Amino acid sequence: MINTQIAIIGGGPAGLRAALAAAQTGAKVLLLDNSDHLGGQLIKQTHMFFGSQQQFAGSRGIDIATRLATELRQFENVQIMLETTVLGIYEDGVLLAEQDDKVRKIKAERIIVAIGASERMLAFPNNDLPGVYGAGAAQTLMNVHGVRPGHRVLMVGAGNIGLIVTYQMLQAGVQVVGIVEAAPTIGGYLVHAAKVRRAGVPIYTSHTVKEAYGDGAVEGAIIWQLDEKWAPIPGTEQDLAIDVICLAVGLSPLSDLLWQAGCQMTYVPQLGGSVAVRNSLLCTTNQQIYIAGDVAGVEEASSAMVEGQVAGLGAALSLGLGGEQAHAMLADARGQLAALRSGPVGEKIRAGLSLVEKGVTADA
Amino acid sequence: MLKSTGIPTKEDLQKIYPSAERLAKGPVAIIECFQRIPCNPCATACTRGAILPFQDINNQPQLDAEQCTGCALCVASCPGLAVFVVDMTYSEQEALIKLPYEYLPLPRVNTTVKALNRAGEVVGQGTVIRVQTPPAFDRTAVIHLAVAKTVAHEVRNIVVEDEANDA
Chain F
1 MINTQIAIIG GGPAGLRAAL AAAQTGAKVL LLDNSDHLGG QLIKQTHMFF
51 GSQQQFAGSR GIDIATRLAT ELRQFENVQI MLETTVLGIY EDGVLLAEQD
101 DKVRKIKAER IIVAIGASER MLAFPNNDLP GVYGAGAAQT LMNVHGVRPG
151 HRVLMVGAGN IGLIVTYQML QAGVQVVGIV EAAPTIGGYL VHAAKVRRAG
201 VPIYTSHTVK EAYGDGAVEG AIIWQLDEKW APIPGTEQDL AIDVICLAVG
251 LSPLSDLLWQ AGCQMTYVPQ LGGSVAVRNS LLCTTNQQIY IAGDVAGVEE
301 ASSAMVEGQV AGLGAALSLG LGGEQAHAML ADARGQLAAL RSGPVGEKIR
351 AGLSLVEKGV TADA
Chain H
1 MLKSTGIPTK EDLQKIYPSA ERLAKGPVAI IECFQRIPCN PCATACTRGA
51 ILPFQDINNQ PQLDAEQCTG CALCVASCPG LAVFVVDMTY SEQEALIKLP
101 YEYLPLPRVN TTVKALNRAG EVVGQGTVIR VQTPPAFDRT AVIHLAVAKT
151 VAHEVRNIVV EDEANDA
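Which chain is which? The protein sequence lines are F and H, in order. Mind the numbering: the first sequence is residues 1 to 364 in the numbering used here, read in order. Mind the numbering: the second sequence is residues 1 to 167 in the numbering used here, read in order.
One chain only, chain F, in its complex shape (with noise of 0.2 angstroms):
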């Protein structure tokens, strides 16, 4: 039995920010990940974020990534632990989780459940052709692994991962022939698809995927346009001779771990999907248990990383630990997550959590 204080599910840009947090205060951290690397999703992200300097705007994530693991790895009080996959939490608050094809049990205060987001699928005729990616496997294999998804890209939804994984694959050298999007409008940054679109790609707002075809993988796809009503339009149809359909559809909460917990859920479709009843520090119905990140309710790296920070405080500070100071660190935290959330671009998150904070005895 391997005994913490704060044991922390997940070593991406919520989970680094709230170790790192925890850490501060003086808590025993343990941080387990499942992958062979600090930073989750950060690593692939050569893109430069933004936000603020306390979210390190203007840094590319890549080098977030770096930046916080060498932070974190400097406190002696922290213990961090990869290639570890979490099976489960049980009643009794202990941990179980499997490294090496040996189960470890691990008993913790406090655990912090930080383990993002999976990428949805979409339901269109010969969907499982080899050639038919997620967006993120496709930027996964290109950024770490250095190598093209393809030749010609399709790429399906215009939300910031939609552009930003466009321009990633621009800068490798794969052709988009063109992005696809259901809704009239773009879903990312304006600022993203100027991007793309001075590069040349076309963005085909209020079009969808017909079909893909191909003879044992992806040749090509049909697109076609949808009415105000997201009908399809037939004989709008677009043949696109394309190698690679790139899906960049949205992402949903991966919840499976606080279900089992048996935290109330709550589906809440402008957080992505299922997610936990949480107070405003983040602490779910079940009292050892925080979130923080895209679990928590789909959002940008900005706002992960400071909701790391508030379930790490939180978490210290039910234990009695890190005092005036993580109270003054606190305050500032949710600071900066109300102004990240505060603009246009925040009116769908605003309206997804107003659905799921539930009482408020933490912040008394």
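Hint data in this document are derived by calculation from the structure and do not stem from the laboratory. Hints should not be assumed to be uniformly reliable.
[Stated by the list, open to error] Derived Cβ-Cβ restraints for the label pairs, each shown as a range:
hint	chain 1	residue 1	chain 2	residue 2	range
1	F	Gln325	H	Ala136	26 to 34 angstroms
2	F	Arg152	H	Arg108	26 to 34 angstroms
3	H	Glu121	F	Glu119	31 to 39 angstroms
4	H	Leu104	F	Gly323	46 to 54 angstroms
5	F	Thr70	H	Thr9	44 to 52 angstroms
6	H	Glu161	F	Arg148	18 to 26 angstroms
7	H	Leu104	F	Glu119	23 to 31 angstroms
8	H	Leu104	F	Ala328	43 to 51 angstroms
9	H	Arg36	F	Gly216	43 to 51 angstroms
10	F	Asp101	H	Val109	54 to 62 angstroms
11	F	Glu119	H	Thr133	30 to 38 angstroms
12	F	Pro130	H	Arg22	52 to 60 angstroms
13	H	Asp12	F	Gly173	29 to 37 angstroms
14	H	Thr133	F	Tyr213	41 to 49 angstroms
Since we're looking at a predicted model, the values are computed, not measured. Ideal Cβ positions, reconstructed from N, Cα and C, are used throughout, including at glycine.
Mind docking chain H on chain F? Use the hints.
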């Protein structure tokens, strides 16, 4: 319109474009940021206070064009690569555009490249005058491109022929 095409309209551009009088005085930043998003590195990067401090991080940048020298620090620091510098006083016939560029290979100085507009269409050609890649620019190169004055307000990208990538 911008929200459905990704290409700013004339009306969008009018709202942010410096005045003709200011353009006639020399290099100035053109901040093509048309949406309220939580982001402020341009203001942080500006050493002259020409991009006013943000009251709300979601605000769009406000340029005090009289303070701006067109130094291009903001060009390299904008995460959206949405800032350009235009110098209409560069020469009799040509304007100088400073644009952010994150593709390889980088263009070589004194070569001629195709100049693209905001829709990625070729609208002319330009001469690469300078390629800035100091460490502070963090891998966002700033390309100084001389183009005909007639297309200075359209050109926002370049194509660099890459023989190695053609296969």
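Each hint tested on the structure:
| no. | hint | result |
| --- | --- | --- |
| 1 | F:Gln325 to H:Ala136: 26 to 34 angstroms | 33 angstroms, holds |
| 2 | F:Arg152 to H:Arg108: 26 to 34 angstroms | 28 angstroms, holds |
| 3 | H:Glu121 to F:Glu119: 31 to 39 angstroms | 33 angstroms, holds |
| 4 | H:Leu104 to F:Gly323: 46 to 54 angstroms | 50 angstroms, holds |
| 5 | F:Thr70 to H:Thr9: 44 to 52 angstroms | 45 angstroms, holds |
| 6 | H:Glu161 to F:Arg148: 18 to 26 angstroms | 19 angstroms, holds |
| 7 | H:Leu104 to F:Glu119: 23 to 31 angstroms | 28 angstroms, holds |
| 8 | H:Leu104 to F:Ala328: 43 to 51 angstroms | 45 angstroms, holds |
| 9 | H:Arg36 to F:Gly216: 43 to 51 angstroms | 47 angstroms, holds |
| 10 | F:Asp101 to H:Val109: 54 to 62 angstroms | 57 angstroms, holds |
| 11 | F:Glu119 to H:Thr133: 30 to 38 angstroms | 34 angstroms, holds |
| 12 | F:Pro130 to H:Arg22: 52 to 60 angstroms | 55 angstroms, holds |
| 13 | H:Asp12 to F:Gly173: 29 to 37 angstroms | 31 angstroms, holds |
| 14 | H:Thr133 to F:Tyr213: 41 to 49 angstroms | 44 angstroms, holds |
The structure shown violates none of the earlier numbered hints.
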